[in-house]
Amino acid sequence: MSASAFSVALIGTEGTIVEVEAAVGAGLPRTVLVGLPDSALYEARDRCKPAVQASGLPWPEHLLTINLTPAALPKAGTHYDLAIAAAVLAAGRHVPPESTSNTVMMGELKLDGRVQAVRGVLPALVTALHAGMTRAIVPANQLAEARLVDGMTVWGVSTLSDLVDVLHGRPISEPTVPPAEPNPEPTPELDLSEVAGQHEARWALEVAAAGRHHLYLQGPPGVGKTMLASRLPSILPDLSPAESLEVSMIRSLLGELGDGLVTRPPFCDPHHSASLSAMVGGGPRVARPGCISMAHRGVLFLDEAPEFATNVLDALRTPLESGWVNIARAQLTTRFPARFQLVIASNPCKCGQHGVAEGKCRCSPNDARRYLERLSGPILDRVDLQQHLLPPSRASLTAAGTGESSAVVADRVREARQRQARRLAPLGFRCNGDVPGSVLRSTLPVPRGIELLDHALIRGHVTSRGVDKVLRVAWTIADLAGSDRVERKHLQTALAMRQGELIGAAA
Amino acid sequence: MSVARVTRALGAWGEDVAERHIERLGWTVLDRNWRCPRGELDLVARQHDGTVVFVEVKTRSGRGYGSPLEAVTVAKIAKLHEMAQWWLREHQVRAPRVRIDVIGVVREAGGVDVDHVRGVTR
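If you're matching them up, the sequences are chains A and B in order.
Take the first sequence: its letters are residues 1 to 507, numbered as in my numbering.
Take the second sequence: its letters are residues 1001 to 1122, numbered as in my numbering.
Looking from chain A toward chain B, a few residues come up when the C-beta cut is under 10 Å (computed): (1) Ala26; (2) Gly27; (3) Leu28.
Derived from the structure by calculation, the hints contain no laboratory data.
Glycine included, each C-beta is placed from N, C-alpha and C at the ideal position.
For reference, chain A alone in the conformation it holds in the complex (with noise of 0.2 Å):
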């Protein structure tokens, strides 16, 4: 007698169906399971065959051949407890065999019959809906996640008796577990009002976050350069409903997620000994999402960036390029969506005065050089704001919060979006941010006052790479001034804050 039921294979944010088949046959008494399972799969035979006796059943006197398919799929995790014992049940005619198709389940056993919450529900329903299954079985404190999948019929199980009236078709009584612990209430967004005095830092990170540029705040340590870039979240907009669900889904595997979506956009701040599978992502066969991913549609934050191993710097290349990333290891490729919008933080040296009035620097110039070295190149290419802080001065200290607050600035910078979407989405970009530099100087309207650039391209002020960035980057100022086409004193503003940097390079 056999029988089958179904869960899914994660493989970062994308799963594959994976049918449980349970074949009782003549042989001595013996479970076995098959279909590359790792061992917190293979442990499943011994969580399954107490959870059931305890609810009451009989496990199968006979041997037992549990199948998991497509077999040649490696397989983790305990999230098929489930549906391993759902087809066992089936197998035994001890649950009608055709209850459990078109039925997805996710759920792992305790052995007195219990069941436990598991990572990627979310992930793992978006998968089996798009597969035409229609009903889901999940543990009953994750209900409220199966429930953001619109489409399926949900049910949420707290034992393994649970599970067996839901495939009678017998009414289950609602959970008694409480729904999910509730959400640690979420941190209210730090607010840019409590920045005081640098003006033209906040101006650069109200640029960063309209056109979605990747920003560079340096300055000696103590001038607010974590500050501010805690503080870019809470201007940014909302996320859409499309990137709502991809983070959403990437929490999910984190075991993250709690009753919602995630609606706005992530910040990840690792350490600067964050290792290399901690940055891109990584473990052992099947990977599980890194700090880009966490925070993709969001904010990476590298404070004290030139201290990160430069291993890990290069390997935010080309996440930073592509908005993904593939962990290869020997028997499968994962996936991941990294799009993280990447604000790095340094002092300009080692001891953090250097170029700093009255400060008192004990590096040697090289040192100096050499310090900010470690983040030249591809990485600091990709950036198109450089903002150099100073400490402020005592007036604008005392001057502290009467800066705009987030919601006013976030208001500017979603009207920037939205004009943004309007000129850019025929072209297939989102952001300013975005844009090649090929579009930006072909495809879109010259600039007003082009012959500027011209000019400072001319004098060497910038290079034709730098070109590029400030047209960016005009763009935004234009898009945040309201303006449908670059004008000149966009353009001005932009050349400007791009000779800041240069300054800043220079001392």
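Since chain A is already given, all that's left is putting chain B on it; use the hints.
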């Protein structure tokens, strides 16, 4: 009676049940409780087609600890194979085919349950 004696008596009863079961199948019982230095073969029988079958009988007085068949381990099966060779050599029996079966006997409230698994390998 001591616990060991009760167990032994239960085992002997189970072997009787298994022997009757085999006779009902029409097989010829060749030997019973054959001892050698490696252990004991519970039953040796010949099927209609000449196959010599070595039968391990496992008896339980209830299902509290699961099926008696679960008590047959890989090591036990390896030992049965070894003893089967030994028995064939000693009795100069030429068998076209040899097989190892396990018969589980459970004494239940309503009677006896016999579970016969043929051709055991691991």
